[in-house]
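Q: Spelled out, the chains give:
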Amino acid sequence: MALAKPTLASIAGTVTLPHPSRGTKVAPVWIQAKHTTLGGKTRQEVMARKYQYVLVYEVMSVDTYDALEDKVEELVELTFTYGKWPQSTAGVTVLVELSDRKLVYGTGATNYWSGVTLTLTEVSSRI
Amino acid sequence: MVWGYTYSDGSILQDITMPTKTATSKASIIYGATPSSLTQTIREVAAKLEIKWDGNIWTEETDYFLNAQGHERVNSVTKEFVASEVDFELDNTTGRFSPENTSSPIYAYLNTNIEVRVGVTIEGSYYRMFTGRIKSISPDRGGGVVNINCIDNTSLLIDKDCPRALYEDKRTDELILPLLQEEGIANYELDQGDNVIAAAWFKDMKILPAISKLCVAERGIAFFDRLGKFIFWNRTHLDKQASKVTLTIDDVLTNLDLSVRDSDIKNSAVVKAKPRASSGVQVVWTNGNVPALNPYTDTLVWIPNHDQQVAYLEIEDPCTGWITPVADTDYTANTLVDGSGTDRTSDIKIGFTAYADACYITVENHSNDDIYLTRFQIRANPLKVWTWIKIVEKHETSISLYGEREIEVENDFITTESAAKEIASAIIRRAWEAKNKVGTQLIGLPNLICGDVVTVEITDDDSKDYMIEDINWELSERGFLETFKLVNPPVPATIQTIRAIGNIKGTINRTVAAKADIGRHYKTVTAKGEIS
Numbered sequence: 144m145a146l147a148k149p150t151l152a153s154i155a156g157t158v159t160l161p162h163p164s165r166g167t168k169v170a171p172v173w174i175q176a177k178h179t180t181l182g183g184k185t186r187q188e189v190m191a192r193k194y195q196y197v198l199v200y201e202v203m204s205v206d207t208y209d210a211l212e213d214k215v216e217e218l219v220e221l222t223f224t225y226g227k228w229p230q231s232t233a234g235v236t237v238l239v240e241l242s243d244r245k246l247v248y249g250t251g252a253t254n255y256w257s258g259v260t261l262t263l264t265e266v267s268s269r270i
Numbered sequence: 042m043v044w045g046y047t048y049s050d051g052s053i054l055q056d057i058t059m060p061t062k063t064a065t066s067k068a069s070i071i072y073g074a075t076p077s078s079l080t081q082t083i084r085e086v087a088a089k090l091e092i093k094w095d096g097n098i099w100t101e102e103t104d105y106f107l108n109a110q111g112h113e114r115v116n117s118v119t120k121e122f123v124a125s126e127v128d129f130e131l132d133n134t135t136g137r138f139s140p141e142n143t144s145s146p147i148y149a150y151l152n153t154n155i156e157v158r159v160g161v162t163i164e165g166s167y168y169r170m171f172t173g174r175i176k177s178i179s180p181d182r183g184g185g186v187v188n189i190n191c192i193d194n195t196s197l198l199i200d201k202d203c204p205r206a207l208y209e210d211k212r213t214d215e216l217i218l219p220l221l222q223e224e225g226i227a228n229y230e231l232d233q234g235d236n237v238i239a240a241a242w243f244k245d246m247k248i249l250p251a252i253s254k255l256c257v258a259e260r261g262i263a264f265f266d267r268l269g270k271f272i273f274w275n276r277t278h279l280d281k282q283a284s285k286v287t288l289t290i291d292d293v294l295t296n297l298d299l300s301v302r303d304s305d306i307k308n309s310a311v312v313k314a315k316p317r318a319s320s321g322v323q324v325v326w327t328n329g330n331v332p333a334l335n336p337y338t339d340t341l342v343w344i345p346n347h348d349q350q351v352a353y354l355e356i357e358d359p360c361t362g363w364i365t366p367v368a369d370t371d372y373t374a375n376t377l378v379d380g381s382g383t384d385r386t387s388d389i390k391i392g393f394t395a396y397a398d399a400c401y402i403t404v405e406n407h408s409n410d411d412i413y414l415t416r417f418q419i420r421a422n423p424l425k426v427w428t429w430i431k432i433v434e435k436h437e438t439s440i441s442l443y444g445e446r447e448i449e450v451e452n453d454f455i456t457t458e459s460a461a462k463e464i465a466s467a468i469i470r471r472a473w474e475a476k477n478k479v480g481t482q483l484i485g486l487p488n489l490i491c492g493d494v495v496t497v498e499i500t501d502d503d504s505k506d507y508m509i510e511d512i513n514w515e516l517s518e519r520g521f522l523e524t525f526k527l528v529n530p531p532v533p534a535t536i537q538t539i540r541a542i543g544n545i546k547g548t549i550n551r552t553v554a555a556k557a558d559i560g561r562h563y564k565t566v567t568a569k570g571e572i573s
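These protein sequence lines are chains Z and H, in that order. Numbered per the working numbering, the first sequence spans residues 144 to 270. Numbered per the working numbering, the second sequence spans residues 42 to 573.
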């Protein structure tokens, strides 16, 4: 069965994105602090553990980019679903950060491709 | 169930069958030893914030929680009642907590006096840190956050008047109870007071200062705990506390401030009291030498026919046992001022309402003659100041080092000179030297509260017991951290009252053994008593 493409969903609708290029990653994020006692022992206070998903697109069409930007500009939390990573297979609520849009090649207003990196940070802690 | 007493030779004094009785008791859960989960190297820490916006249902607002700073304090010297406070910072990017935002789902409820509770979960165990009410909501639009300031249930007692009733031979807890009931506070846990006050009167006092004074006289403390319950600890409770935990340099303490402070020194304590006591039924007011008075201006001297006079009489001392004036005994009426005319006493009707230190009287003249009240008196049992106590306790070594630093305590709930001396001594013991306070910063231990005794590891080879006087706590991305101010713990009085309960039958002398709670240690003592 073919791997499902990544989607970003909100009440307003769902945007389906192409498969990202190579270089994507899932990064563990820890909200934590370390404190050292007078005796020299370092202790760790862990408030949250979650994942950050980084999707790198070396080329993205204008139509896809516009749909993605519209979705980001809804300014609501989105449900990210992507079967590639077990953490996101069932859908996970995320905040979205869109990188600068870099022209890769092409001309005109619609017939070009951009380089974009999408960073998704989970809203809820997994602990 | 058969009960009896068996002598050493095997003979039995008496066998009786006791009926089965149902007993009720109350218990409370007190955090005991520090769970090991609190001191493990890595702790999972989470906040939980709940607000009762509509007054009925707790709404969890943890998703918006950014951080909280709490402060709680018990004044170990003056016993001043100090409220705990918490400041929250919540995410307000959606405008949920903005009072002007009509689209907020809680718009109708954004107000003060809303109930709040916050806790911390550490390694799966939940600890409530605060229960109270919102005092202010301050959105910071620029920062997208809202600051919410809260005060504990002390707010229910602020600026509230004491009842004006009089109380005789009541323990501290029996006097605190009506103050709480006056404001409808039903969630409380009161130790049985060790101090018995012969006559208590809270004239014109507010409830919080009254409780503070009762605590000073008791040498106990009162506070609202983190669950919102009113707590009173008697002096035995304070004195007997064993250390709950050792704050170790290796595992807990991140900083230790043993600096010497000049500001907190007290080396001269003056304790003053004017306790009251019942002095028996007696005349507390009289209309005086009637022939010498002005019948038209003086109180209860002359009343025209078929007329009445009302009087509100304030008495110097508060009274109990007011007696409605009795004809011939307390009042006589005559048509002439010297009593030589016609006796009209039977034509007088009295209306009488008594208060603590005053009474309201209506005197009606039902005769056809103008009458003179040739005698009129009020009888009651005044609670008079029976002694003036003034105790001065000085620490000469401290005075020679720092100069005299005086503290004066005036408290009419202190009933004896020995009690006053104990209070003065306790103040001096705690504050005579500049090294009377220790500051500590530590990985937070939410099972500890103000008033607890802890052992502090000063160095690897030296540790000392202190009482927690002040806690600042922080719950944020830095975890759960605390700062304690510590003072010397209470020193048990040299002589203590012990109580023993025995089931002893017979009328002969017996030697009985009892286990008494003295100071911080249980001692077995023996006492010989005559059982009757």
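In short, the hints are calculated from the structure, not lab data. Here the structure is a predicted model, which is why all the values come from computation and not from measurement. Please note: incorrect hints may appear among the correct ones.
As the list claims (entries may be wrong) - Calculated pairs, BS3-like style, for lysine-lysine (alpha carbon to alpha carbon, straight line, at most 27 Å):
1) H:K307 x H:K201
2) H:K285 x Z:K184
3) H:K307 x H:K176
4) H:K425 x H:K476
5) H:K431 x Z:K193
6) H:K176 x H:K526
7) H:K89 x Z:K177
8) H:K211 x H:K285
9) H:K285 x H:K435
10) Z:K168 x Z:K227
11) H:K307 x H:K211
12) H:K526 x H:K244
13) Z:K184 x H:K244
14) H:K435 x H:K462
15) H:K281 x H:K89
16) H:K211 x H:K176
17) Z:K177 x H:K307
18) H:K390 x H:K431
19) Z:K184 x H:K526
20) H:K285 x H:K89
21) Z:K177 x H:K526
Q: Next, verify each hint and record whether it holds.
A: Hint check results:
no. : hint            : result
1   : H:K307 x H:K201 : 31 Å, violated
2   : H:K285 x Z:K184 : 22 Å, holds
3   : H:K307 x H:K176 : 35 Å, violated
4   : H:K425 x H:K476 : 43 Å, violated
5   : H:K431 x Z:K193 : 66 Å, violated
6   : H:K176 x H:K526 : 26 Å, holds
7   : H:K89 x Z:K177  : 22 Å, holds
8   : H:K211 x H:K285 : 32 Å, violated
9   : H:K285 x H:K435 : 32 Å, violated
10  : Z:K168 x Z:K227 : 10 Å, holds
11  : H:K307 x H:K211 : 32 Å, violated
12  : H:K526 x H:K244 : 35 Å, violated
13  : Z:K184 x H:K244 : 57 Å, violated
14  : H:K435 x H:K462 : 11 Å, holds
15  : H:K281 x H:K89  : 34 Å, violated
16  : H:K211 x H:K176 : 35 Å, violated
17  : Z:K177 x H:K307 : 40 Å, violated
18  : H:K390 x H:K431 : 47 Å, violated
19  : Z:K184 x H:K526 : 23 Å, holds
20  : H:K285 x H:K89  : 26 Å, holds
21  : Z:K177 x H:K526 : 23 Å, holds
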